[in-house]
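**Student:** What follows is each chain in one-letter form.
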Amino acid sequence: DTGVSQDPRHKITKRGQNVTFRCDPISEHNRLYWYRQTLGQGPEFLTYFQNEAQLEKSRLLSDRFSAERPKGSFSTLEIQRTEQGDSAMYLCASSSQRTSGNDEQYFGPGTRLTVT
Amino acid sequence: AQKITQTQPGMFVQEKEAVTLDCTYDTSDQSYGLFWYKQPSSGEMIFLIYQGSYDEQNATEGRYSLNFQKARKSANLVISASQLGDSAMYFCAMREQGQAGTALIFGKGTTLSVSS
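Just so you know, the protein sequences line up as chains A and B, in that order.
Per our numbering: the first sequence = residues 1 to 116.
Per our numbering: the second sequence = residues 117 to 232.
Be a bit skeptical, because a hint or two may be false.
To be verified - Partner residues are not named here, just some residues of chain B that face chain A (Cβ under 8 Å, in silico):
#1 ALA117
#2 THR123
#3 MET127
#4 LYS132
#5 TYR148
#6 GLY149
#7 GLU160
#8 MET161
#9 PHE163
#10 TYR166
#11 TYR170
#12 ALA219
#13 PHE222
#14 GLY223
#15 GLY225
Hints were generated in silico from the structure; no laboratory data involved.
This structure is a prediction, so every number in the text was calculated from the model and none was measured.
Here a beta-carbon is modelled for each residue, glycine too, at the ideal position from N, C-alpha and C.
With the sequences and hints as input, model every part of the structure.
**Tutor:** See below:
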């Protein structure tokens with residue numbers, strides 16, 4: 001039973017470049033979440049998918065951020081025209097109320113983004 | 117608006133002693149869920165324990181227990197018999213209601229340091 005995986009684990013990019021992160025959830029989980037965590041803070045919710053439908057995206061930080069989950073399995077988070085303020089840890093989590101009534105979320109190891 | 121407050125930036129405990137990490141929450145919902153996560157220096161968020169608002173008994177999971185006081189809106193985590201491996205950041209979180217599905221709102225966390 002593999003957990004949530006994220007790729008890459010670290011990304012260094014120059015300001016203005018586009019970056020894309022991938023998340024593979026636990027296979028039987030139908031819900032997938034993206035969070036951002038800055039230093040000294042708790043994770044901050046960005047967006048949420050149930051199967052392939054993106055049910056909440058108003059918390060994405062700006063229109064430079066977008067996410068997809070085309071076949072209801074893996075998901076990608078893209079940041080266009082990166083800014084130094086985008087430097088953070090990007091966490092993906094998955095859950096399923098079918099397998100756990102509490103619907104607890106299981107997190108991946110995160111992608112640490114550094115924008116220079 | 118829903119909010120999680122963790123007032124202890126850092127806690128120090130000796131090995132084999134018990135420690136309580138404080139968490140208070142604010143919500144107008146009658147039905148809600150509370151979670152605790154552990155984040156070691158490696159960065160991955162590890163689910164520890166869950167408490168539902170209608171659960172009459174405090175949740176327990178091994179050495180972890182949740183001291184749930186609904187009237188005071190507190191959900192403190194108690195770790196018994198601390199171990200060196202318990203040194204980490206601990207986050208209290210609440211399941212958000214509404215369009216965000218089951219997204220979590222996190223507190224700022226408490227750093228726990230266990231010494232021998």
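**Student:** Quick check: which numbered hints come out false for this structure?
**Tutor:** 1, 2, 3, 4, 5, 11
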